[in-house]
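Visitor: Sequence:
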Amino acid sequence: MKLTLPQIEGKVREFAQIMHAPQDLIPTFGYSIESGLPHVEISNQKYHLVVSENGQQISRESTEDPDELLFLIMHSISLSMACEHMESHSHYESLRMRLFQAQKNIISKINLSYMYRIKQKHDRMRTELMIS
Numbered sequence: 126m127k128l129t130l131p132q133i134e135g136k137v138r139e140f141a142q143i144m145h146a147p148q149d150l151i152p153t154f155g156y157s158i159e160s161g162l163p164h165v166e167i168s169n170q171k172y173h174l175v176v177s178e179n180g181q182q183i184s185r186e187s188t189e190d191p192d193e194l195l196f197l198i199m200h201s202i203s204l205s206m207a208c209e210h211m212e213s214h215s216h217y218e219s220l221r222m223r224l225f226q227a228q229k230n231i232i233s234k235i236n237l238s239y240m241y242r243i244k245q246k247h248d249r250m251r252t253e254l255m256i257s
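Quick note, the sequence shown lines up with residues 126 to 257 if you use our numbering.
What the hints contain is simulated information worked out from the structure, not anything from laboratory work. The C-beta atom is built at its ideal place from N, Cα and C for all residues, glycine as well. A portion of the hints provided could be inaccurate.
With a cut-off of at most 25 angstroms between alpha-carbon atoms, the simulated BS3-like pairs for lysine-lysine come out as follows [what the hints assert, rightly or not]: (1) 229 x 136; (2) 246 x 171; (3) 246 x 229; (4) 136 x 246; (5) 171 x 127; (6) 229 x 244; (7) 244 x 136; (8) 246 x 234; (9) 171 x 136; (10) 244 x 234; (11) 136 x 234.
With beta-carbon atoms standing in for the labels, derived distance ranges [unchecked claim]: (12) 158 x 187: 28 to 34 angstroms; (13) 221 x 189: 30 to 36 angstroms; (14) 193 x 153: 33 to 39 angstroms; (15) 180 x 248: 23 to 29 angstroms; (16) 155 x 250: 30 to 36 angstroms; (17) 222 x 130: 33 to 39 angstroms.
Could you put the whole structure together from the sequences, leaning on the hints where they help?
Guide: As structure tokens, this is what we get:
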């Protein structure tokens, strides 16, 4: 089922409220403020999560699946929240492990499958770090 920008924005705001996400982490929809804050576009039957800063596109992730778009958005928000969380807690544990755990805790509030997908990404990153 295709979603419109207002429908996507509504879902993101609903999820953000559940996660207690700060307003300044929520992307814009249909336009960019060119500050590095992601924005969402729909074109050519695809959803795009785009990061632009000072007139330059930094990244673009595209998908035809609205749930994948929601995952990408919430992954970004939860990672930013986890980073902020890390700044205010003890430095005795591995920073990366605490960051990963904080991100999983935050996103699990909205969707357990998102949490498991993030866990898989973290596991792949750990494996890659061990190999290199």
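Visitor: If you check each hint against the structure, which ones fail?
Guide: 12, 14, 15
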